[in-house]
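Enquirer: In case you want the letters, here they are:
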Amino acid sequence: MINYIWLKEIKAELYTWKSTAWLLIASLLFSFTSYLLLTDKELSLLDQTELLWLLAKIIIGVGLLIITIDASSVLTSEFEADTAESLFLAPITLDEIIWGKLLSIITLWLFIFITAVPYILVTSAGSSLAGAFLGYVLLLGTLGVLGFSMLILAISLLFRSSKNTLSTSLIILLALAVPALFSSTLKINIVSDFFSKINPVDAIFASLDNVLVDYQLSIAQNLQFILPLVVFCILTLILLIIAAGQFKRKGIIQNE
Amino acid sequence: MDAIITAKNISKSYGSQAAVKDLSLEIQRGEFFGFLGPNGAGKTTTIRMLTGILPPDQGEIIIQGKNHTQRKDIAKMIGVIPESRGFYHWMTGEEYLHFFAQLYGIIKPERTISQLLKQVGLLERKRAKIATYSRGMKQRLGLARALINGPKILFLDEPTLGLDPQGQEDIQKLLKTLNHEGVTIFFSSHLLPEVSALCSRIGIINHGKLIALGTLSELQEQTQSKGSLKDIFLALTGQHD
Numbered sequence: 001m002i003n004y005i006w007l008k009e010i011k012a013e014l015y016t017w018k019s020t021a022w023l024l025i026a027s028l029l030f031s032f033t034s035y036l037l038l039t040d041k042e043l044s045l046l047d048q049t050e051l052l053w054l055l056a057k058i059i060i061g062v063g064l065l066i067i068t069i070d071a072s073s074v075l076t077s078e079f080e081a082d083t084a085e086s087l088f089l090a091p092i093t094l095d096e097i098i099w100g101k102l103l104s105i106i107t108l109w110l111f112i113f114i115t116a117v118p119y120i121l122v123t124s125a126g127s128s129l130a131g132a133f134l135g136y137v138l139l140l141g142t143l144g145v146l147g148f149s150m151l152i153l154a155i156s157l158l159f160r161s162s163k164n165t166l167s168t169s170l171i172i173l174l175a176l177a178v179p180a181l182f183s184s185t186l187k188i189n190i191v192s193d194f195f196s197k198i199n200p201v202d203a204i205f206a207s208l209d210n211v212l213v214d215y216q217l218s219i220a221q222n223l224q225f226i227l228p229l230v231v232f233c234i235l236t237l238i239l240l241i242i243a244a245g246q247f248k249r250k251g252i253i254q255n256e
Numbered sequence: 001m002d003a004i005i006t007a008k009n010i011s012k013s014y015g016s017q018a019a020v021k022d023l024s025l026e027i028q029r030g031e032f033f034g035f036l037g038p039n040g041a042g043k044t045t046t047i048r049m050l051t052g053i054l055p056p057d058q059g060e061i062i063i064q065g066k067n068h069t070q071r072k073d074i075a076k077m078i079g080v081i082p083e084s085r086g087f088y089h090w091m092t093g094e095e096y097l098h099f100f101a102q103l104y105g106i107i108k109p110e111r112t113i114s115q116l117l118k119q120v121g122l123l124e125r126k127r128a129k130i131a132t133y134s135r136g137m138k139q140r141l142g143l144a145r146a147l148i149n150g151p152k153i154l155f156l157d158e159p160t161l162g163l164d165p166q167g168q169e170d171i172q173k174l175l176k177t178l179n180h181e182g183v184t185i186f187f188s189s190h191l192l193p194e195v196s197a198l199c200s201r202i203g204i205i206n207h208g209k210l211i212a213l214g215t216l217s218e219l220q221e222q223t224q225s226k227g228s229l230k231d232i233f234l235a236l237t238g239q240h241d
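Residue numbers (the working numbering), protein chains in the order written: chain E, 1 to 256; chain Z, 1 to 241.
The reader is advised that the hints may include incorrect statements.
[What the hints assert, rightly or not] Computed from the model, here is a short list of chain E residues facing chain Z with C-beta under 7 Å:
hint, residue
1, TRP6
2, TRP17
3, LYS18
4, THR20
5, PHE32
6, ALA81
7, GLU85
8, LEU89
9, PRO91
Keep in mind the hints are simulated off the structure, nothing from the lab.
C-beta: ideal position from N, C-alpha, C; glycine also.
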């Protein structure tokens, strides 16, 4: 059942040109960034490892942003387009629908990653970091996207509205991404240090820094960053299970 | 005769507002049952509870021996035209039925899909996007979807809404045929002549309570009226001038 929902979502993304538009936007952003990094006088003076780190942050950041926007409507569109009732009348469970939709979001992320591969290969040419760059962007990006997708699906089940889901999800993404992006310039104290340690976006960027700038390539050397991401995924999974339970209790149709 | 649908004292509230109050009902196998009520009387809520889409706050529903908590098992036995009629407009009619056939676990559904599209008069438009369908065509596609699993019970909430007279007659004919083939039909409509022509027994709901139940002649006896179903309905729901 999960595969039918997954296939339907992928077809919807392709037939409605949603995915194509997202991939086009992503490739334009990657092209623009790579061009700047390689040609801008000041940016091209950056050490190649710094340059790779910057591009990796942009790939995952763009991926998370696209996923947040796309995932906000993947479940809520069923309620807003009045297709939920027909769908739930079929012998399919809410869990199967959720996992099918989650798979389609992960698939979109994989498409974004594939779009980023040529840029990764070009910018890392001449260094020995291409493999690590690809591997860690895939691993950290997938964990981040998985956690965020489950969080967004949980919010979708609670709100049943794409507008509310999108605004809430974007606020959460910004609240996590902004301190992570400016962590080096922010004042360090106990609170910011603690927030930085539990912030999944911070963990992604710190791990990329560890791999691409400090050459700490093994998983063991990055476990301190991967673990918070795994915890984030577990927490969002629990939240999704709770939201699904509440949704089932209330019923597919909330009100007349 | 044996009951195929049994609702025992079911109730449903939305917040502090009671939509259905202590409703009990038995529908016999092979029956063509009409379910009437004014707007907001609780018809759609009752149908949603009977089809497993909305859990009742109280009471129990048994559909062909399955309790309402066994939603997946019930879904396999029933076909529904629900009140909300959304479609995946980017799909073609054929793709839409194919998607639902997959959800029902139907292997190689192409023949069934072609037969259904022919039955509802959409065979020639099967490869057209649903977005290009008229309201009536979508209604017919909804009926084809409801029949995709060869259901033993059909729940129809205003199935002829939006259809022209010819379309209404076609659907009525199809429903009669299905009923003759043994399909139990739970039929909700505001078109009272349609209900009197099709249904062997009628239930009337008002303010969430089942206020009348029986054949047309039994309802006439109950209201001491020799009038049409419309007169009976208006008398029972207190909507007479």
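Enquirer: Taking the hints in turn, state whether each one holds.
Expert: We went through each hint and held it up to the structure:
no., hint, in the structure
1, TRP6, "12 Å, violated"
2, TRP17, "10 Å, violated"
3, LYS18, "10 Å, violated"
4, THR20, "13 Å, violated"
5, PHE32, "31 Å, violated"
6, ALA81, "5 Å, holds"
7, GLU85, "4 Å, holds"
8, LEU89, "5 Å, holds"
9, PRO91, "4 Å, holds"
The structure shown violates the earlier hints numbered 1, 2, 3, 4 and 5.
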